[in-house]
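Colleague: What follows is the residue order along each chain.
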Amino acid sequence: MLKVNNIDVFYGNIHALKGVSLEVNEGEIVTLIGANGAGKSTLLKTLSGLLKPKSGDITYQTKQIGGKPAQSIVKSGISQVPEGRRVFANMSVEENLELGAYLRKDRDGIKKDLANVFELFPRLNERRKQQSGTLSGGEQQMLAMGRALMAKPKLLLLDEPSMGLAPLIVKQIFEIIRMVNSQGTTVLLVEQNANMALSIADRAYVIETGKIVLSGTAKELQESEKVKEAYLGGV
Amino acid sequence: MEWLQQLVNGISLGSIYALIALGYTMVYGIIKLINFAHGDVFMLGAFIGFFAIARWDMGFFPALLLAMLLCAIIGVIIERVAYKRLRNATRIAALITAIGVSLLIEYTVIFFRGATPEAYPQIMAETSINFLGANISTKSLLILMVTIVLMLLLQFIVHKTKIGKAMRAVSHDADAARLMGINVDNTISATFAIGSALAGAAGVIFGFYYTRIDPLMGILPGLKAFVAAVLGGIGSIPGAMVGGLVLGVVESIVNAVGYSLWRDAAAFVILIFILIVKPSGIFGKNVREKV
Ligand SMILES: Nc1ncnc2c1ncn2[C@@H]1O[C@H](COP(=O)(O)OP(=O)(O)O)[C@@H](O)[C@H]1O
Ligand SMILES: [Mg+2]
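Which chain is which? The protein sequence lines are A and B, in order.
Residues in the first sequence are numbered consecutively from 1, following the UniProt record's numbering.
Residues in the second sequence are numbered consecutively from 1, following the UniProt record's numbering.
Next comes chain B alone, as it looks inside the complex (with noise of 0.2 Å):
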């Protein structure tokens, strides 16, 4: 049952993904920012997480809630030392902008420790249980729970508190959100700190299942997920989690018919498909129209 198992690979890594896609998308949704520098703050949740575990001994679930933490005040940080001056500013700039923010993060990182990769300690046995003749790690298993469980918890706080209420306003009508008392600034940071969480959250999830990460490990994933987001409709949180996972699953489906090289351009591939025929995405909106 290799297809079985390739499919399971093809979740976890799809899992990944979608937790990155989410942060794009919602920041996309609230300030019309692709953030470039997203995939770094999963980047600088992968080391948190490996100094945790690595150095100061935590388990797990304490490495990752960690990591989430640090990554939420990361990317308010980001927001409002980089981005918020230019919310008025030209999307080419503040695009600019965000790419400057990654390569800052990148050769920061390399510059305090070097660009030689770390090997995640291995906190877990590798142990795998059979199902339907196919052998799926553990270690799947618990990504996969993670993954679940951080997504109800989003569409928990999106739909039913009061900042993902906010969250929803603001990105609908800022100004009408204003008028409600909503302070649109407060609103982006928390959109920042949740999307940054997310991203952190996934860097450990990486690290755990890949073993290996480096200062320029967020690159790729990064533009992975923007596909993902794209795919699912960017400013769609139900969008990124589909599209995060239909990546993942093709990208394996790639591999396990034995073009692996092509693995990482399946991903551009479907972007540039997704372009071609619908441009808003799976769960896309058409344009909405404004009065």
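Next up, chain A with everything else stripped away, as it sits in the complex (with noise of 0.2 Å):
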């Protein structure tokens, strides 16, 4: 569904990422973990078009989306979630969510993805007129996924979600991002915390100052030594 082949991202001279080539298949849910600063958020925005790459290429679908404008890539069915959440805290729940679906024309296709949005997360449904920034953290991570829900995405990119959140409300949000998956959303996962992230995903990638060092099953990156050694905390 989504191929990466050997890109290079520059910010001015700083070569963030070096020749990274990365996979994910239809209905798999990809993990990308690294340590901070490792590149990961620059692959994200590279595949989002916040950010072009200087060489290499990236297919999605059949069609070759590197360099193109964000708006394009958003229609052709890439959403973000993006590190932080970068929810619109001047406007209420209710517009950031209508602001999901901003290249949307189905009306009818809209209400019902709202109502699925509210489904997976309650809490956006009883605050759906509270301005979004004075949401606590996992509510506003509830919102940033909701949000990027409303684009319809047939991809889902997710930058570290866990970030900053109590290890309960983390459950819960892999719990969602796993239901998102099994409704037939492919999902690439970044993230920091390995352990988790491991723990849903079909298949992983490890990235290191901008390169991949380790690709292949959850599975068998959850019992690599490198990994235990450097991201699972040594268990």
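In short, the hints are calculated from the structure, not lab data.
Glycine included, each C-beta is placed from N, C-alpha and C at the ideal position.
Some clues are possibly wrong.
Under the rule of at most 27 Å between Cα atoms (straight-line distance), these lysine-lysine pairs were calculated in the DSSO-like manner [said to hold, decoys possible]:
id	chain 1	residue 1	chain 2	residue 2
1	B	Lys32	A	Lys52
2	B	Lys84	A	Lys54
3	A	Lys152	A	Lys52
4	B	Lys160	A	Lys75
5	B	Lys32	B	Lys84
6	A	Lys171	A	Lys154
7	A	Lys129	B	Lys160
8	B	Lys84	A	Lys52
9	B	Lys162	A	Lys112
10	B	Lys160	A	Lys111
11	A	Lys154	B	Lys162
12	A	Lys219	A	Lys154
13	A	Lys152	B	Lys162
14	A	Lys111	B	Lys162
15	A	Lys68	B	Lys162
To be clear about the criterion: a stretch of chain B counts as covered by chain A if any three or more of its residues have a C-beta under 8 Å from a C-beta of chain A, and this derived list gives those stretches [claimed, not checked]:
id	segment
16	161 to 169
17	180 to 191
Could you use the hints to bring the two separately framed chains together as a complex?
Modeller: Set out below in structure tokens:
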């Protein structure tokens, strides 16, 4: 479904991604784990069209999307839940969700998806008129996920959804990711929380300083000595 | 009832400041640029209205709409030609460019028609109605009415329409807006179009009310509208409305108590005062945190 082939991405002369290749198949949950500063967010921003790769290509379904503007990427079915949630704090929960469906014209479909989002996140329904800046961190994460789902993505990119949240909320969020996936959305999940991520993923990649250093099924990586040492707290 | 009359004058003047201030504040809100050419768009609006009424025999409302439309187009051209390429430049570079655009517009107009003032044609008889002993000109009432309608329309656009929501989203977080599929460039252009249309309307209203227009007429009202925007809290739409009205009324009061020569200074005293006491302005939010 998504094939990233040997891309290089720079910030000025900082070489943030060095020949990264990765693949996501339809229906999978694929996770990309790595330490802070490894280049995870850079990869997701490039996939969403916020950054342009200097070389290499990105194929989604049959189209080349590397370097395409963000709106055309959203339109083709890729949505991102960005790191740090980035909800529109000056707007209500409902308005945030509406903006998620910005490019859609099918009113009935939007209504249905809104109901579906409220079913996944009943808290958002209770607070639909509330300014989203006043929500708790966990609620904002739910809102950011709901907002991305309102675009009706085929591929959902999640950037560290567990960041800064209490373990119980993290568990809930991961449960929902699994649920969204079982309803037919393919997921690329970026995490530092390798334990949690590997527990729900089908396959995984490990990134270090801009390079993919390991890949395999989630099970293989959970058992790999290297991953255990570096990412699973040496257990 | 001299006082009531002064108050009405102040509100009329204040609505003009408010209409100009809205453009400043919206543009600042979305690209953090103080668009110093904005006062000159106001001037162009006044001249377009003048030609529409005096040369092409249009009525007040058609002239107003024409000025708004052409100013919207001019605003978008200014943005696309001068500012767009400076999105990632330093603020000072953008500011200098804005001042350059301002001078360019002023002296282009002078080049083509000279600097002599023009008298706005009188299309409405000088009548006034008596209210609580004060004579309130029908012109003031018309201005007030037009301003109120435009402001309600703006509130509707910003809060209820798709483009308005996109504008608020982009001014809060442009990259997050891109992730929604919002076309940020078009949204910025729309902001310039709306702000410039309001300035154009203010220009026609100004000419209609004060009757004298000239190519440098945008400088002082432009600066004062900027003060009004800061007073209300730059970036805040209700702030620009309130800031403009407050400034207009203060000026009229200064005038009424006999210090008419100090009228123009009042705005700048207010600016200094607000920058010392509450730099974020009346409606200003405190600097928002970004993780
Ligand atoms: N806007 C930026 N400008 C310059 N360098 C950046 C920028 N964003 C990220 N980087 C650098 O790129 C590298 C990868 O960052 P990032 O993708 O955010 O890492 P991660 O998401 O894995 O924590 C880091 O070395 C970081 O310092
Ligand atoms: Mg990151």
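Colleague: Which constraints among the numbered hints does this structure fail? Numbers only, ascending.
Modeller: none
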